[in-house]
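Trainee: Listed here are the chains, written in short residue letters.
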Amino acid sequence: AQSVSQHNHHVILSEAASLELGCNYSYGGTVNLFWYVQYPGQHLQLLLKYFSGDPLVKGIKGFEAEFIKSKFSFNLRKPSVQWSDTAEYFCAVANAGGTSYGKLTFGQGTILTVHP
Amino acid sequence: DGGITQSPKYLFRKEGQNVTLSCEQNLNHDAMYWYRQDPGQGLRLIYYSQIVNDFQKGDIAEGYSVSREKKESFPLTVTSAQKNPTAFYLCASSRWGSEQYFGPGTRLTVT
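Quick mapping for you: the protein sequence lines, in order, are chains A and B.
If you use the working numbering, the first sequence corresponds to residues 1 to 116, in order.
If you use the working numbering, the second sequence corresponds to residues 1001 to 1111, in order.
One should not assume that every hint holds.
Derived pair list, reagent style DMTMM-like, types lysine to aspartate or glutamate, alpha-carbon separation capped at 20 Å [to be verified]:
(1) A:Lys103 - B:Glu1015
(2) A:Lys71 - A:Asp85
(3) A:Lys71 - A:Glu88
(4) A:Lys69 - B:Asp1030
(5) A:Lys49 - A:Glu20
(6) A:Lys61 - B:Asp1054
(7) A:Lys103 - B:Asp1054
(8) A:Lys103 - B:Asp1030
(9) A:Lys49 - B:Glu1099
(10) A:Lys69 - A:Asp54
(11) B:Lys1083 - B:Glu1062
(12) A:Lys58 - B:Glu1099
(13) A:Lys103 - B:Glu1062
(14) A:Lys58 - A:Asp85
Residues on chain A that point at chain B, a partial pick, calculated with CB under 8 Å [to be verified]:
(15) His9
(16) Thr30
(17) Tyr39
(18) Pro40
(19) His43
(20) Phe90
(21) Leu104
(22) Gly107
In short, the hints are calculated from the structure, not lab data.
All C-beta atoms, glycine included, are put in the ideal place defined by N, C-alpha and C.
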């Protein structure tokens, strides 16, 4: 079964600091990859996704993520965080084939707190 | 205004009672999903449905039941057999294989 691991449970940064959140998954086949964000009191929403093509994908609000197939990783980055980026971030992976095609497996989540 | 609605936002029940959580979508998506979110555990899949009148168990289906009689609706029943039902429940929908869109969630408290 697929498993997804996010390296940090809680990250605390000051505004303008750079961010990198780690995500690793276990399944060795073809996968679709996602980062979702949950702002306080809001719906879970999609930040960015990777299905195929350029392994460096750009999402909303200046976020980007890099898919490294050899490392089973899909790390999220932002060069300069803002107070409004305070939220919980979830990495999610879906097998792109087989009987579990389309099913999402989520990581445990990383709470990001940005101090002004 | 397209999206997913879940009702109610907060729900309180006594132990031993079944309770049904509502999920409706007007995005014309074929697939719908129910997740449970607990602190530090991410989202765990309870049930999913790829098409009307068909659904499959997810990773933590015990103590839950669903139905999918209409494309737009995918209600979840938390039965008295669920040992730890207090949680935040999220419904989602998607075109099959594509990104999922989430509702606002229902926070269920069972005492």
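Trainee: Checking against the hints above, which ones are violated?
Mentor: Going through the list in order, the structure violates hints 1, 2, 3, 4, 6, 16, 17 and 18 and respects the others.
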